[in-house]
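**Student:** One letter stands for each residue in the lines below.
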Amino acid sequence: MAGITLLVLLIGLASIFWQLARARAVQFRRAVRFGSLPAQHGWTVALWAVLPALALLVVWQIAAPALVTDAVLRTPAAADLPPPGFARATLLSQARALATGHGAESVEPLSRRLAPAYAAATRRSHWIATVAVLALAIGAGAAALARVRAGTPARTRVERLVTALLFAASLVAILTTAGILFSLVWESGRFFATVPAQRFLFGTHWSPQSIVDDAPGDVLGALPLFWGTFFIGAVIAMAVAVPLGLLSAIYLSQYAAGSTRRLLKPALEVLAGVPTVVYGYFGALTVAPAVRRLGMALGMADASSESAMAAGLVMGVMILPFVSSIADDSLIAVPVELGEASLALGATTSETVRQVLLPAALPGVAGGVLLAISRAVGETMIVVMVASAVATLSVNPFASATTVTRQIIDLLTGEATFDSPKTLAAFALGLTLFVVTLALNIAALALVRRHRVRGG
Amino acid sequence: MTVKIAARHVSAFYGDVRALDDVSIDIDTDHVTALIGPSGCGKSTLLRTLNRLTDTVPGARVEGDIRLDGRDIHGRDMDVVELRARVGMVFQKPNPFPKSIYENVAYGPRIHGLARGRGELDAVVETSLRRTGLWDEVKDRLSDRGTALSGGQQQRLCIARALAIEPEVILMDEPCSALDPIATARIEELIGALSGRYAIAIVTHNMQQAARVSQRTAFFHLGRLVEYGDTSDIFTNPRAERTKDYITGRYG
Ligand SMILES: Nc1ncnc2c1ncn2[C@@H]1O[C@H](COP(=O)(O)OP(=O)(O)OP(=O)(O)O)[C@@H](O)[C@H]1O
Ligand SMILES: [Mg+2]
Numbered sequence: 001m002a003g004i005t006l007l008v009l010l011i012g013l014a015s016i017f018w019q020l021a022r023a024r025a026v027q028f029r030r031a032v033r034f035g036s037l038p039a040q041h042g043w044t045v046a047l048w049a050v051l052p053a054l055a056l057l058v059v060w061q062i063a064a065p066a067l068v069t070d071a072v073l074r075t076p077a078a079a080d081l082p083p084p085g086f087a088r089a090t091l092l093s094q095a096r097a098l099a100t101g102h103g104a105e106s107v108e109p110l111s112r113r114l115a116p117a118y119a120a121a122t123r124r125s126h127w128i129a130t131v132a133v134l135a136l137a138i139g140a141g142a143a144a145l146a147r148v149r150a151g152t153p154a155r156t157r158v159e160r161l162v163t164a165l166l167f168a169a170s171l172v173a174i175l176t177t178a179g180i181l182f183s184l185v186w187e188s189g190r191f192f193a194t195v196p197a198q199r200f201l202f203g204t205h206w207s208p209q210s211i212v213d214d215a216p217g218d219v220l221g222a223l224p225l226f227w228g229t230f231f232i233g234a235v236i237a238m239a240v241a242v243p244l245g246l247l248s249a250i251y252l253s254q255y256a257a258g259s260t261r262r263l264l265k266p267a268l269e270v271l272a273g274v275p276t277v278v279y280g281y282f283g284a285l286t287v288a289p290a291v292r293r294l295g296m297a298l299g300m301a302d303a304s305s306e307s308a309m310a311a312g313l314v315m316g317v318m319i320l321p322f323v324s325s326i327a328d329d330s331l332i333a334v335p336v337e338l339g340e341a342s343l344a345l346g347a348t349t350s351e352t353v354r355q356v357l358l359p360a361a362l363p364g365v366a367g368g369v370l371l372a373i374s375r376a377v378g379e380t381m382i383v384v385m386v387a388s389a390v391a392t393l394s395v396n397p398f399a400s401a402t403t404v405t406r407q408i409i410d411l412l413t414g415e416a417t418f419d420s421p422k423t424l425a426a427f428a429l430g431l432t433l434f435v436v437t438l439a440l441n442i443a444a445l446a447l448v449r450r451h452r453v454r455g456g
Numbered sequence: 001m002t003v004k005i006a007a008r009h010v011s012a013f014y015g016d017v018r019a020l021d022d023v024s025i026d027i028d029t030d031h032v033t034a035l036i037g038p039s040g041c042g043k044s045t046l047l048r049t050l051n052r053l054t055d056t057v058p059g060a061r062v063e064g065d066i067r068l069d070g071r072d073i074h075g076r077d078m079d080v081v082e083l084r085a086r087v088g089m090v091f092q093k094p095n096p097f098p099k100s101i102y103e104n105v106a107y108g109p110r111i112h113g114l115a116r117g118r119g120e121l122d123a124v125v126e127t128s129l130r131r132t133g134l135w136d137e138v139k140d141r142l143s144d145r146g147t148a149l150s151g152g153q154q155q156r157l158c159i160a161r162a163l164a165i166e167p168e169v170i171l172m173d174e175p176c177s178a179l180d181p182i183a184t185a186r187i188e189e190l191i192g193a194l195s196g197r198y199a200i201a202i203v204t205h206n207m208q209q210a211a212r213v214s215q216r217t218a219f220f221h222l223g224r225l226v227e228y229g230d231t232s233d234i235f236t237n238p239r240a241e242r243t244k245d246y247i248t249g250r251y252g
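Protein chains in written order, with full-length UniProt numbering: chain A, 1 to 456; chain B, 1 to 252.
Hints were generated in silico from the structure; no laboratory data involved.
The model shown is predicted, which means the values in this text are computed figures rather than measured ones.
There may be inaccurate statements among the hints.
Stated by the list, open to error - Simulated restraints, written as ranges between beta carbons of each label pair:
| no. | chain 1 | residue 1 | chain 2 | residue 2 | range |
| --- | --- | --- | --- | --- | --- |
| 1 | B | D16 | A | A23 | 50 to 56 Å |
| 2 | A | R262 | B | G151 | 53 to 59 Å |
| 3 | A | R450 | B | V3 | 37 to 43 Å |
| 4 | A | T437 | B | A185 | 54 to 60 Å |
| 5 | B | S39 | A | T260 | 30 to 36 Å |
| 6 | B | G40 | A | T437 | 47 to 53 Å |
| 7 | A | L166 | B | P58 | 36 to 42 Å |
| 8 | A | R354 | B | E189 | 35 to 41 Å |
| 9 | B | S39 | A | S350 | 30 to 36 Å |
Beta carbons are placed, not taken as given, at the ideal position from N, Cα and C, and that holds for glycine.
From just these sequences and the hints, can you work out the full model?
**Tutor:** Structure follows, in structure tokens:
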């Protein structure tokens, strides 16, 4: 609460400094031609007022709890506390809760006695923080204001600051990814401490329901999952998405009249916006039973209603607009002159597409397919609804199949404790998926980039 | 004199924009025809109507009568593939395919099934490259990419590619504008050597070039053919005031 008031105060101060600096800069505006603009001086001074103060505030927020506790421990009432340990920590945290008004009913009397000291120390800490932060803001702002002169390079300073801010913004996503990766690696490390990696990666028996505590590795062989993921996402789904996507992209970019293109392209893009859960129940209710009937008709006794084929087909349709759009972009990125050169030699459109445009667009298209695979492999909703929960190792597309993502969901939705090999296995699966997807994306980017270099 | 292409009252439109307005012109085998005029006056558009490359531009429309050896190029009995095979084109920017040098030249003969067997194809490739003077420069690296050649070599490769299917007409749209003076001189020499055998039309912004390579010159302005006649007449004794202004560089 106090923090927010302080922030509002800081912003108020900053805008005052902004105005002051601008007003000051306006006076010598004419002195230097093409000098920094008054507003740029305003920003420099305003930021000088805010940023150091904010930094101090952050440091204080981090240090304050320890300082407050210190102060409380120095009060006479604290002499009765037990030595450092669990009991002491509990008492202190109860006292802190009381002081901030979150008191529970059953509170130790000692905590009750410490609470006022806590409240006082906290209040004092707030005051010190407020005064120090505001003083720093005013001091730094005033100093910066005094430095506003005709020649002050406010423009470059503002630019440098903008650069730093943008950099920080882009860092957020990267740091988050790094954090996620770290936690994945950490938990997976704990998993691999109990189950050997080659057991997990190459074991063919997966049934975490029947896990036994002294040999968890026996039922955590994930090969069937990897196979299922590959079979569904990279084979069946791509068998649907790549040809159809490529052909539709060729039609759209080379044959379709302007009006047709204007109609069809958005229609395809709308397909990409359908929530995957909708594809999921379409798959579960319509495609899966149909595929099973087809399998039966073909004389397959083990045709499953949770087949790899059903999941792969639905996923292929889901990915199709993505492939089509990337292929379309790659084809359009091929310089017009190449197509014209071929047409001018008397080649037909289809000859031109096959012999000139597609080869030139190939790296881009291949990159797109890799990205599509990486998407299909990580896709969860469709396989949760259409694929099987049981891990079998089969090359028959009509047999049941499961995927890594599906199994992660199943592992984590049980009642198992967080530390069991069963839940840790989910992290190991996640890490494997992450590594594979990352590799696919890097390869795809490399391909697409090479394409750009040659195309441009 | 054999008139190869006879264009009569040709107008071309991009959507509502009129790029050519009632142009009538002949391209014949005995002369190189230069097309000159300020930027945007429709020179490229005229060339592209002659091999119907305008068909590939969405919204483009051509009116009037264009005949190749007396046959209407828009007629039912004239297939666009045949037309373009007989009327070759060289573009402003060298545009070799991202294939090997050999494959670039072999592209046309392959598509039209002109060579029987590898030996014949090799011969066609060699002849075409020799005629552009490129053979000695590339004969040891026919499998290198065409795009790896220098700009001037690339343009000669593109000319060789066009020659490989033995067209009857060659349309060149500012073929030297991306080249240095030496490469330009080689192309001009080549045009001189090809004239007589092929009907050649060349668009250029370079007046000296037009004077050097052509025997007939057409001056365009705002989509209209302002003046058309012997190159020597146009350059020494232009009839229209605008032509005079343009070729003397007083065009504003
Ligand atoms: N694809 C197109 N779409 C719309 N308008 C076009 C297109 N191509 C050309 N035009 C227009 O047609 C007119 C003639 O263009 P064209 O390219 O034939 O001129 P040009 O004489 O070749 O010019 P330059 O010497 O600059 O090459 C111009 O006004 C141009 O803007
Ligand atoms: Mg032009």
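**Student:** Each of the hints needs a verdict: does it hold here or not?
**Tutor:** To see whether the hints hold, each was checked on the structure:
1. B/D16 / A/A23: 50 to 56 Å: Holds - the Cβ-Cβ distance for B/D16 and A/A23, about 55 Å, lies within 50 to 56 Å.
2. A/R262 / B/G151: 53 to 59 Å: Given about 38 Å between the Cβ atoms, the range is violated.
3. A/R450 / B/V3: 37 to 43 Å: 49 Å, violated
4. A/T437 / B/A185: 54 to 60 Å: 57 Å, holds
5. B/S39 / A/T260: 30 to 36 Å: 33 Å, holds
6. B/G40 / A/T437: 47 to 53 Å: Holds, at about 51 Å.
7. A/L166 / B/P58: 36 to 42 Å: Since A/L166 and B/P58 have Cβ atoms about 40 Å apart, the given range 36 to 42 Å holds.
8. A/R354 / B/E189: 35 to 41 Å: 36 Å, holds
9. B/S39 / A/S350: 30 to 36 Å: 35 Å, holds
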